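Residues -28 to -1, 1 to 297 in mature numbering (1 follows the signal peptide of the UniProt record, and there is no 0) are what the sequence shown lists, from first letter to last.
Because the hints were derived from the structure by calculation, they are not lab data.
Check each hint, because a few of them may be wrong.
[Stated by the list, open to error] Within a straight-line C-alpha distance of at most 25 angstroms, the following computed PhoX-like cross-link-like pairs (lysine-lysine) qualify: (1) Lys170 to Lys122; (2) Lys38 to Lys72; (3) Lys122 to Lys246.
[To be verified] Simulated DEER-style distance windows between Cβ atoms: (4) Ala217 to Asn192: 25 to 31 angstroms; (5) Glu252 to Asp129: 27 to 33 angstroms; (6) Lys122 to Gly260: 34 to 40 angstroms; (7) Ser146 to Gly124: 38 to 44 angstroms; (8) Ser126 to Glu221: 40 to 46 angstroms; (9) Lys26 to Ser146: 43 to 49 angstroms; (10) Ile127 to Lys147: 49 to 55 angstroms; (11) Asp128 to Asn219: 42 to 48 angstroms; (12) Gln176 to Lys100: 20 to 26 angstroms; (13) Lys147 to Ala218: 41 to 47 angstroms; (14) Lys26 to Ser126: 27 to 33 angstroms.
None of these values were measured; they are calculated from a predicted model.
The C-beta atom is built at its ideal place from N, Cα and C for all residues, glycine as well.
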Amino acid sequence: MLTRRHLFKTAAALAAVSALPLGRQAFAQSGELTIGYIADFPNASVLAIAEDQKYWEAEGVAPSLKVFTNGPLQIQAMGAGSLNFGTIGPGALWLPASGKAKVIGVNDIGFSDRVIAQAGFGSIADLKGKKVGVPQGTSGDMILRLALAKAGLSIDDISVVPLDPSVIVTAFTSKQIDAAGIWYPLIDAIKQHVPDLKELAASQDFYPAHSFINAFVARNEIVETNPEVVKTFLRVIKKAIDYRAANLERSIELTTAFLNAPAAATANVAHSRKLLTSQELDALTKDGTVNGWLDDFNKIFVEFGKVEKPLPPAEYYTADLFTGA
């Protein structure tokens, strides 16, 4: 876990706070806006936009941003009390469904996940008995299990090698593993060394039956004790979501600079996303669509053995906070 060094300057934050009512000042001084994110376009773009457009300053707050390699590590940090907000992929949604955190909003829908294999593999069925690397509890884990099930196999039919996402790049390029459940832009890094890799399954193969949503999450205690700071977070995020939907190319530029990432790889991921506006997400929340997506994940996670009795979505998605922000 790394702490992002490029934060708002103290003087600017103090100037913004001084112009706001006392209630908002309390938020700014509380240190409650500790925010985790994954260093990719869908999860980092909203933070890059919020910083560039000074949305945090408009609220009189100065967040502390911390980068993580995946969603489960963020929720683990929430359990330890060191993180209040985060951005996670669909593979980590079993944790809120288990009561470990609250989903406070949908980010977007992604088509970035793949099951990839070394040259010579032609189908998912060919992976039986082979070494497959996967970051457990992530969207890479999820697409691997979905693809295996579609091929009439289960996770027990392969040799699972649990690895961190960055380690999968090394393991695959050095041919220590035969295949992997992983996502772009990490696949771009792998392709530089293994240009003839095979993509055996993609998240879009399972859409719309399964929408691979990214979500914003919050620590249970912050939702219970300070819902107003959750709304502050969501107000900023919803503005950033709308900016991103209306200004995609500029959002790519901002995110590339924010992450110090390759422009082409960032653009590839950005163009693989279904970007929704806050108005659309409000409507999808109110008509029950979001709860339906989450319920689909509950069923998948039960089938995968990730959780026995998941909570109903209404108990871990704070719909009222999202639509009320």
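A quick look at each hint next to the structure:
1. Lys170 to Lys122: Roughly 18 angstroms separates the two Cα atoms, so the pair holds.
2. Lys38 to Lys72: Holds, at roughly 19 angstroms.
3. Lys122 to Lys246: Distance ~24 angstroms between lysine 122 and lysine 246 Cα, so the pair holds.
4. Ala217 to Asn192: 25 to 31 angstroms: For asparagine 192 against alanine 217, whose Cβ atoms are near 30 angstroms apart, the range 25 to 31 angstroms holds.
5. Glu252 to Asp129: 27 to 33 angstroms: 39 angstroms, violated
6. Lys122 to Gly260: 34 to 40 angstroms: Once the Cβ atoms are compared, 27 angstroms apart, the range 34 to 40 angstroms for glycine 260 and lysine 122 is violated.
7. Ser146 to Gly124: 38 to 44 angstroms: 30 angstroms, violated
8. Ser126 to Glu221: 40 to 46 angstroms: 42 angstroms, holds
9. Lys26 to Ser146: 43 to 49 angstroms: Given range 43 to 49 angstroms: holds, Cβ gap about 44 angstroms.
10. Ile127 to Lys147: 49 to 55 angstroms: 22 angstroms, violated
11. Asp128 to Asn219: 42 to 48 angstroms: 46 angstroms, holds
12. Gln176 to Lys100: 20 to 26 angstroms: Given range 20 to 26 angstroms: holds, Cβ gap about 24 angstroms.
13. Lys147 to Ala218: 41 to 47 angstroms: Since lysine 147 and alanine 218 have Cβ atoms about 44 angstroms apart, the given range 41 to 47 angstroms holds.
14. Lys26 to Ser126: 27 to 33 angstroms: 50 angstroms, violated
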